[in-house]
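**Q** Each chain is listed here by its residues.
2 protein chains.
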Amino acid sequence: MKYWEDFKIGEATDLGSCAITEEEILAFARKYDPQPFHTDPEAARQSIFGGLVASGWYTCALMMRLSVEAARREDAAATGSPGLDSCRWLRPVRPGDVLAGRTDVLETWPSKTRPIGFVRHRVEMVNQRGEVVMAIVGITMYQRRPGAAV
Amino acid sequence: MKYWEDFKIGEATDLGSCAITEEEILAFARKYDPQPFHTDPEAARQSIFGGLVASGWYTCALMMRLSVEAARREDAAATGSPGLDSCRWLRPVRPGDVLAGRTDVLETWPSKTRPIGFVRHRVEMVNQRGEVVMAIVGITMYQRRPGAAV
Numbered sequence: 013m014k015y016w017e018d019f020k021i022g023e024a025t026d027l028g029s030c031a032i033t034e035e036e037i038l039a040f041a042r043k044y045d046p047q048p049f050h051t052d053p054e055a056a057r058q059s060i061f062g063g064l065v066a067s068g069w070y071t072c073a074l075m076m077r078l079s080v081e082a083a084r085r086e087d088a089a090a091t092g093s094p095g096l097d098s099c100r101w102l103r104p105v106r107p108g109d110v111l112a113g114r115t116d117v118l119e120t121w122p123s124k125t126r127p128i129g130f131v132r133h134r135v136e137m138v139n140q141r142g143e144v145v146m147a148i149v150g151i152t153m154y155q156r157r158p159g160a161a162v
Numbered sequence: 013m014k015y016w017e018d019f020k021i022g023e024a025t026d027l028g029s030c031a032i033t034e035e036e037i038l039a040f041a042r043k044y045d046p047q048p049f050h051t052d053p054e055a056a057r058q059s060i061f062g063g064l065v066a067s068g069w070y071t072c073a074l075m076m077r078l079s080v081e082a083a084r085r086e087d088a089a090a091t092g093s094p095g096l097d098s099c100r101w102l103r104p105v106r107p108g109d110v111l112a113g114r115t116d117v118l119e120t121w122p123s124k125t126r127p128i129g130f131v132r133h134r135v136e137m138v139n140q141r142g143e144v145v146m147a148i149v150g151i152t153m154y155q156r157r158p159g160a161a162v
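In the order they appear, the protein sequences are chains D and G.
Counting from 1 along the first sequence, just add 12 to a position and that's the residue number in our numbering.
Counting from 1 along the second sequence, just add 12 to a position and that's the residue number in our numbering.
Be aware that a few hints might be false.
Copies of the same chain are indistinguishable here, so a pair counts whether it falls within one copy or spans any two.
Cross-link-like lysine to any residue pairs, in silico, SDA-like; alpha carbons within 20 Å at most [to be verified]:
#1 K124 with R77
#2 K43 with R77
#3 K43 with T33
#4 K14 with P107
#5 K20 with V144
#6 K43 with P107
#7 K43 with G142
#8 K14 with L102
#9 K43 with S93
#10 K43 with E81
#11 K43 with D97
#12 K43 with T91
#13 K20 with I60
#14 K43 with A160
#15 K20 with S59
#16 K43 with G28
#17 K43 with P127
#18 K20 with P46
#19 K14 with A83
#20 K20 with P48
#21 K20 with L118
#22 K43 with G159
#23 K124 with A24
#24 K124 with L102
Keep in mind that the hints were calculated from the coordinates and are not lab data.
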């Protein structure tokens with residue numbers, strides 16, 4: 013099991029990658045972000061994006077799925093998140109794109125009241141041209157190693 | 013049509029509300045955030061949350077849907093977002109909760125290069141007990157009024 017104590021500042025992790033399909037862009041957007049440039053390829057052509065683009069929240073959701081799968085591979089004792097310090101949607105995500113995730117540990121600190129610790133990390137989603145399409149600074153909580161002094 | 017020029021600092025908008033169901037918590041989490049405290053009511057009881065909780069990204073997605081519906085009611089010319097300055101998941105969201113959204117305009121500034129403007133707003137999701145469960149500071153882009161000098 014990978015506990016909070018095992019995260020080191022500067023540590024980088026590849027999160028793996030996922031392919032973006034028009035079908036999934038449309039399905040997510042129709043449910044959660046029904047703006048025309050996310051739900052209607054024809055209307056999207058007339059928008060400032062010049063074509064269908066994924067909801068930024070869909071890119072967040074895919075980043076989360078990659079993160080959970082990577083944590084499972086590492087057997088990391090993640091136990092939720094208090095939030096994000098920032099999120100930037102830097103470039104459009106379009107059907108046919110392939111996004112890879114990578115994360116770097118920026119900072120770690122223990123909880124003063126509970127047997128958990130916090131890790132601040134930067135996460136980037138990068139497309140098949142090497143362009144960063146989304147950059148997030150977020151915080152994840154991990155269980156402390158059993159027996160750790162709190 | 014509500015253009016960028018029509019947003020005033022301090023302006024508050026109710027986004028309406030939505031009910032949280034176990035079925036939707038599970039469906040979202042199994043697809044995008046498959047951590048046991050989001051996907052497995054029994055495992056969740058053993059977690060630090062003491063029961064099933066919604067993925068924070070699901071709360072974000074619902075906030076977005078309420079925002080899009082509110083923008084549609086106002087006929088607002090929203091045209092995407094460069095990102096968030098912060099997001100905090102402050103309290104667990106559980107099955108049976110009812111979340112209401114509200115947003116306040118913090119700041120507005122025009123693009124120097126395109127016929128759009130930016131609005132920085134604070135969005136809160138508040139549960140049926142009046143507790144803020146999520147607070148976001150985000151930026152939305154709106155079209156400029158036709159004929160506006162850029």
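**Q** None of the hints should be skipped; say for each whether it holds.
**A** These are the hints, each one checked on the structure:
{"no.": "1", "hint": "K124 with R77", "result": "neither (29 Å within a copy, 37 Å between copies)"}
{"no.": "2", "hint": "K43 with R77", "result": "both (18 Å within a copy, 8 Å between copies)"}
{"no.": "3", "hint": "K43 with T33", "result": "both (16 Å within a copy, 15 Å between copies)"}
{"no.": "4", "hint": "K14 with P107", "result": "neither (35 Å within a copy, 30 Å between copies)"}
{"no.": "5", "hint": "K20 with V144", "result": "neither (24 Å within a copy, 33 Å between copies)"}
{"no.": "6", "hint": "K43 with P107", "result": "both (18 Å within a copy, 19 Å between copies)"}
{"no.": "7", "hint": "K43 with G142", "result": "neither (30 Å within a copy, 26 Å between copies)"}
{"no.": "8", "hint": "K14 with L102", "result": "neither (32 Å within a copy, 25 Å between copies)"}
{"no.": "9", "hint": "K43 with S93", "result": "between (24 Å within a copy, 18 Å between copies)"}
{"no.": "10", "hint": "K43 with E81", "result": "between (24 Å within a copy, 12 Å between copies)"}
{"no.": "11", "hint": "K43 with D97", "result": "neither (26 Å within a copy, 24 Å between copies)"}
{"no.": "12", "hint": "K43 with T91", "result": "between (27 Å within a copy, 18 Å between copies)"}
{"no.": "13", "hint": "K20 with I60", "result": "neither (42 Å within a copy, 24 Å between copies)"}
{"no.": "14", "hint": "K43 with A160", "result": "neither (44 Å within a copy, 34 Å between copies)"}
{"no.": "15", "hint": "K20 with S59", "result": "neither (44 Å within a copy, 25 Å between copies)"}
{"no.": "16", "hint": "K43 with G28", "result": "between (26 Å within a copy, 16 Å between copies)"}
{"no.": "17", "hint": "K43 with P127", "result": "neither (37 Å within a copy, 29 Å between copies)"}
{"no.": "18", "hint": "K20 with P46", "result": "neither (40 Å within a copy, 25 Å between copies)"}
{"no.": "19", "hint": "K14 with A83", "result": "within (9 Å within a copy, 44 Å between copies)"}
{"no.": "20", "hint": "K20 with P48", "result": "neither (43 Å within a copy, 25 Å between copies)"}
{"no.": "21", "hint": "K20 with L118", "result": "within (9 Å within a copy, 37 Å between copies)"}
{"no.": "22", "hint": "K43 with G159", "result": "neither (45 Å within a copy, 34 Å between copies)"}
{"no.": "23", "hint": "K124 with A24", "result": "neither (26 Å within a copy, 37 Å between copies)"}
{"no.": "24", "hint": "K124 with L102", "result": "between (36 Å within a copy, 18 Å between copies)"}
Taken one by one, the earlier hints fail for this structure at numbers 1, 4, 5, 7, 8, 11, 13, 14, 15, 17, 18, 20, 22, 23, listed in ascending order.
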